[in-house]
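Undergrad: All chains, full assembly: derive it from the sequences and hints.
From first to last, the protein sequence lines stand for chains A and B.
Read in order, the letters of the first sequence correspond to residues 1 to 147 in the numbering used here.
Read in order, the letters of the second sequence correspond to residues 1 to 77 in the numbering used here.
Hint data in this document are derived by calculation from the structure and do not stem from the laboratory.
Don't be surprised by glycine CBs; every beta carbon is placed ideally from N, CA and C.
A couple of the hints might just be wrong.
[Unchecked claim] Partial pick of chain A residues on the chain B-facing surface, computed with a CB cut under 10 Å:
1) 3
2) 7
3) 10
4) 105
5) 138
[As the list claims (entries may be wrong)] To be clear about the criterion: a stretch of chain A counts as covered by chain B if any three or more of its residues have a C-beta under 8 Å from a C-beta of chain B, and this derived list gives those stretches:
6) 19-26
7) 39-45
8) 92-104
9) 107-119
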Amino acid sequence: MTIQSKPYGQIEISDRQVITFPVGIFGFENLHKYALLDTGQPPFYWLQSLDETAIAFIIMNPYVFRPDYVLDVSGEDLDAIDYETDEDILVFAIVTIPEEESRMSANLQGPVIINRVRQLGHQAISLNQSWKTKHFIMDELEHAGAR
Amino acid sequence: MLILARRLNEKIVIGDDICVSVVDIRGDQVKLGIEAPKTVKVYRQEVYDAIQSENVEASKSAISLPSLDPYLKSDND
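TA: Rendered as structure tokens:
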């Protein structure tokens with residue numbers, strides 16, 4: 001199918017890349033259909049809204065910079081994506097890139113979880129309160145050896 | 001806003017299927033027990049606000065992605 005994307009303009013994607021977020025994500029509750037796009041720049045992906053082209057989120061696997069990250073969310077959050085087994089689940093953190101790129105941060109308090117088999121997505125809330133909305137990725141990678 | 005006074009272990013019923021009970025009171029902290037259907041989302045206000053505003057900020061990120069390679073390579077040294 002052909003879609004309009006914020007980073008790449010009009011592109012062709014597979015139906016398998018379409019993820020439905022039944023309750024949207026926080027602050028964007030009215031947007032339910034997204035496409036998961038490769039960026040060619042791992043570990044980043046785009047989560048592109050199919051309802052509103054201007055809305056696209058940069059997401060990444062949080063384990064890349066926090067190998068100690070543990071997904072700790074409620075049963076209700078897992079039910080939202082029809083959770084059955086761990087191997088069906090993809091975990092992402094939404095990334096914020098401000099003007100000063102070195103201050104880019106990832107949100108580990110509100111992880112995005114995707115059931116890739118059911119193609120369902122949901123923004124969960126971490127029950128572990130040590131995970132915050134702003135983890136400075138480059139700082140944490142530089143200091144990773146100290147942990 | 002409706003304001004109701006409740007004592008320890010007393011409850012408030014909202015609609016047909018939501019029940020809020022006062023579980024514990026210590027100093028300036030009140031513990032509430034909330035029974036609600038799974039379709040009803042219950043959050044601490046400050047957590048909801050923080051995630052929502054971070055999402056809004058994230059949606060305004062630049063389209064160009066910085067490279068993490070220098071950081072990831074040094075990590076493997």
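Undergrad: For each hint, tell me whether it holds in the structure or not.
TA: Results of checking the hints against the structure:
For residue 3 (chain A), the interface hint is violated, since its Cβ never comes within 10 Å of a Cβ in chain B; the closest pair sits about 16 Å apart. Interface restraint check: residue 7 (chain A) against chain B, minimum CB-CB distance 5 Å, threshold 10 Å, status holds. Against a cut-off of 10 Å between C-beta atoms, the interface hint on residue 10 (chain A) is violated, since the closest Cβ of chain B lies about 15 Å away. The criterion of a C-beta within 10 Å of any C-beta in chain B is met by residue 105 (chain A), whose closest approach is roughly 8 Å, and the hint holds.
Residue-level restraint check for residue 138 (chain A) holds (minimum Cβ-Cβ distance to chain B is 6 Å; threshold 10 Å). Counting residues of the stretch 19-26 of chain A whose beta-carbon sits less than 8 Å from any beta-carbon of chain B gives 3, enough to reach three: the coverage restraint holds. Given as covered by chain B, the stretch 39-45 of chain A passes the check, having 4 residues with a CB less than 8 Å from a CB of that chain where 3 are the minimum. Beta-carbon proximity to chain B at under 8 Å applies to 9 residues in the stretch 92-104 of chain A; the threshold of 3 is reached and the given coverage holds.
Against chain B, the stretch 107-119 of chain A contributes 3 residues with a C-beta closer than 8 Å to a partner C-beta. That satisfies the three-residue criterion, and the hint holds.
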